[in-house]
Amino acid sequence: MVVIVDIKIKFKKVISLSQSNNCKSVLITFDPHPRHILESSNKLPLLMHIDKKLEIFESLNLDIALIIPFDREFSKFSADEFLKKIIIKYFNPHI
30 MVVIVDIKIK FKKVISLSQS NNCKSVLITF DPHPRHILES SNKLPLLMHI
80 DKKLEIFESL NLDIALIIPF DREFSKFSAD EFLKKIIIKY FNPHI
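Going by my numbering, 115 is the number at position 86 of the sequence shown; the sequence numbering is gapless.
Mixed in with the good hints there might be a few duds.
Said to hold, decoys possible - Below, a list of computed lysine-lysine pairs in the DSSO-like style, where the Cα atoms sit at most 27 angstroms apart:
hint, residue 1, residue 2
1, Lys42, Lys82
2, Lys118, Lys41
3, Lys105, Lys37
4, Lys82, Lys113
5, Lys118, Lys105
6, Lys82, Lys41
7, Lys81, Lys41
8, Lys42, Lys72
9, Lys118, Lys53
10, Lys82, Lys114
11, Lys42, Lys53
12, Lys82, Lys39
13, Lys81, Lys53
14, Lys72, Lys113
15, Lys39, Lys53
16, Lys42, Lys105
17, Lys53, Lys72
18, Lys82, Lys72
19, Lys118, Lys82
20, Lys72, Lys118
21, Lys72, Lys37
22, Lys72, Lys105
23, Lys105, Lys82
24, Lys53, Lys41
25, Lys81, Lys42
26, Lys82, Lys37
27, Lys118, Lys42
What the hints assert, rightly or not - With beta-carbon atoms standing in for the labels, derived distance ranges:
hint, residue 1, residue 2, range
28, His78, Asp109, 30 to 36 angstroms
29, Gln48, Ser104, 30 to 36 angstroms
30, His78, Ser49, 19 to 25 angstroms
It should be emphasised that the hints constitute simulated quantities derived from the structure, not laboratory data. All C-beta atoms in this analysis are idealised placements derived from N, C-alpha and C, irrespective of residue type, glycine included.
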């Protein structure tokens with residue numbers, strides 16, 4: 030499948046970049062797909078089920094894969110809230 034191959038190629042580049050900079054490779058995704066929550070009348074067909082995503086993530090040897098449960102409350106987070114409540118809280122990034 031083209032989509033899966035493309036995802037693997039792109040993530041392998043990200044993982045390689047993280048390794049060359051002595052950083053952890055982190056992938057964040059949402060489940061269910063945000064459109065399923067925000068546009069309940071428009072059920073977007075998924076390219077792959079979450080189980081398949083996890084299988085692919087595992088094959089990539091990511092350091093961290095975070096699946097965030099997406100719901101109406103989470104959809105109201107501002108970008109700043111997302112940074113503070115998820116990125117900074119769990120990953121403590123620094124330059």
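Hints versus structure:
no. : hint                               : verdict
1   : Lys42 - Lys82                      : holds, 17 angstroms
2   : Lys118 - Lys41                     : holds, 26 angstroms
3   : Lys105 - Lys37                     : violated, 31 angstroms
4   : Lys82 - Lys113                     : holds, 26 angstroms
5   : Lys118 - Lys105                    : holds, 18 angstroms
6   : Lys82 - Lys41                      : holds, 15 angstroms
7   : Lys81 - Lys41                      : holds, 17 angstroms
8   : Lys42 - Lys72                      : violated, 32 angstroms
9   : Lys118 - Lys53                     : holds, 16 angstroms
10  : Lys82 - Lys114                     : holds, 24 angstroms
11  : Lys42 - Lys53                      : holds, 13 angstroms
12  : Lys82 - Lys39                      : holds, 14 angstroms
13  : Lys81 - Lys53                      : holds, 22 angstroms
14  : Lys72 - Lys113                     : violated, 30 angstroms
15  : Lys39 - Lys53                      : holds, 16 angstroms
16  : Lys42 - Lys105                     : violated, 32 angstroms
17  : Lys53 - Lys72                      : violated, 34 angstroms
18  : Lys82 - Lys72                      : holds, 19 angstroms
19  : Lys118 - Lys82                     : holds, 24 angstroms
20  : Lys72 - Lys118                     : violated, 32 angstroms
21  : Lys72 - Lys37                      : holds, 26 angstroms
22  : Lys72 - Lys105                     : holds, 20 angstroms
23  : Lys105 - Lys82                     : holds, 25 angstroms
24  : Lys53 - Lys41                      : holds, 13 angstroms
25  : Lys81 - Lys42                      : holds, 20 angstroms
26  : Lys82 - Lys37                      : holds, 11 angstroms
27  : Lys118 - Lys42                     : holds, 26 angstroms
28  : His78 - Asp109: 30 to 36 angstroms : holds, 32 angstroms
29  : Gln48 - Ser104: 30 to 36 angstroms : holds, 33 angstroms
30  : His78 - Ser49: 19 to 25 angstroms  : violated, 32 angstroms
In this structure, the earlier hints numbered 3, 8, 14, 16, 17, 20, 30 are contradicted, and the remaining ones agree with it.
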